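K.L.:
Chains L and F are the protein sequences, given in the same order.
Just so you know, the first sequence maps onto residues 1 to 114 in the numbering used here.
Just so you know, the second sequence maps onto residues 115 to 225 in the numbering used here.
One thing to keep in mind: the hints can contain errors.
With a Cα cut of at most 30 Å, we get these calculated DSS-like pairs of lysine-lysine [unchecked claim]: (1) F:K117 - L:K44; (2) L:K44 - F:K183; (3) L:K38 - L:K17; (4) F:K117 - L:K38; (5) L:K38 - F:K224.
Residues from chain F that face chain L, not an exhaustive set, calculated with beta carbons under 8 Å [stated by the list, open to error]: (6) Y127; (7) Y146; (8) T148; (9) Q156; (10) G157; (11) R159; (12) F160; (13) Y201; (14) L213; (15) G216; (16) Q217.
What the hints contain is simulated information worked out from the structure, not anything from laboratory work.
Here the structure is a predicted model, which means the values were calculated and not measured.
From the three backbone atoms N, C-alpha and C, an ideal C-beta is built for every residue, glycine too.
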Amino acid sequence: DAMVIQNPRYQVTQFGKPVTLSCSQTLNHNVMYWYQQKSSQAPKLLFHYYDKDFNNEADTPDNFQSRRPNTSFCFLDIRSPGLGDAAMYLCATSRVVTPTDTQYFGPGTRLTVL
Amino acid sequence: LAKTTQPISMDSYEGQEVNITCSHNNIATNDYITWYQQFPSQGPRFIIQGYKTKVTNEVASLFIPADRKSSTLSLPRVSLSDTAVYYCLVGDWSNTGKLIFGQGTTLQVKP
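Chain L with its partners taken away, still in its complex shape (with noise of 0.2 Å):
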């Protein structure tokens, strides 16, 4: 089946220290999005990618980076993770950046910072 695909589901890294999270589609989508989960809290969006067009939200901090080398896969870097940065990263798609378009989701990487 089709689908989102986030690896790893779980990452532990230390306050600091560079940390990457994939995501991979088998979709086919144009566009990938990165959310940020905290606890209790919604999804929050730090930024999308339109093809290889990089679209950051206003409020996304410097600290988080992406890239996208292909339609398939995008990665998530946070450069100096902070105690504040643990949360559930969500990646989704869709064929184009319209709120009618439905968003695929993954099942997220659960980020814990020590």
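Once you've looked at the hints, dock chain F against the given chain L.
P.N.:
For chain F alone, kept in the frame of chain L given last:
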């Protein structure tokens, strides 16, 4: 993007119909209403979307009154597996693909 307001939590029993109402008083002409469901430790999943009147699919129904300032997600005969957080989102088809999630409604289905 229009702001949405939902009840923080709801309880129900298996077999009952559940109606979750979302308020979006400043909805714009081009805005669509979309509902997502999220189970613990999983990503959100699209349930249903509508613009006006009533939309029904195999999972739920969405009722939107003529003024579109609110909408109601209806889940028929819920089961324990419907326990989840339900998010109401309002977005403009002519805008970016941003999904701005509100606080969501935590539905607890009891046996």
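K.L.:
Sort out whether K17 (chain L) lies within 30 Å of K38 (chain L), counting only the CA atoms.
P.N.:
20 Å, holds
K.L.:
Using Cβ atoms only, decide whether R159 (chain F) comes closer than 8 Å to chain L, and label the hint accordingly.
P.N.:
Constraint on R159 (chain F) satisfied, holds at 7 Å.
K.L.:
Just to be careful: measuring from the Cβ of L213 (chain F) to every Cβ in chain L, is the smallest value less than 8 Å?
P.N.:
6 Å, holds
K.L.:
Sort out whether K224 (chain F) lies within 30 Å of K38 (chain L), counting only the CA atoms.
P.N.:
26 Å, holds
K.L.:
Under the criterion of a CB-CB separation shorter than 8 Å, is Y127 (chain F) in contact with chain L as hinted?
P.N.:
Constraint on Y127 (chain F) not satisfied, violated at 24 Å.
K.L.:
Between K117 (chain F) and K44 (chain L), does the CA-CA distance stay at or below 30 Å?
P.N.:
This hinted pair holds, its Cα atoms lying about 14 Å apart.
K.L.:
Was the hint right that Q156 (chain F) lines chain L, CB cutoff 8 Å?
P.N.:
6 Å, holds
K.L.:
Hey, does the G216 (chain F) contact hint survive, CB to chain L under 8 Å?
P.N.:
6 Å, holds
K.L.:
Quickly compare the C-alpha distance for K44 (chain L) and K183 (chain F) to 30 Å and report which way the hint goes.
P.N.:
24 Å, holds
K.L.:
Does F160 (chain F) meet its interface restraint, that is, does its C-beta lie within less than 8 Å of any C-beta in chain L?
P.N.:
At about 5 Å, which falls below the 8 Å cut-off, the nearest Cβ of chain L leaves the hint on F160 (chain F) intact, so it holds.
K.L.:
Going by Cβ atoms only, is G157 (chain F) closer than 8 Å to chain L?
P.N.:
Where the cut-off is 8 Å and the nearest Cβ of chain L is about 3 Å from G157 (chain F), the hint holds.
K.L.:
With a cut-off of 8 Å on the beta carbons, see whether Y146 (chain F) makes it to chain L.
P.N.:
5 Å, holds
Of the hints listed earlier, the one the structure fails to meet is number 6.
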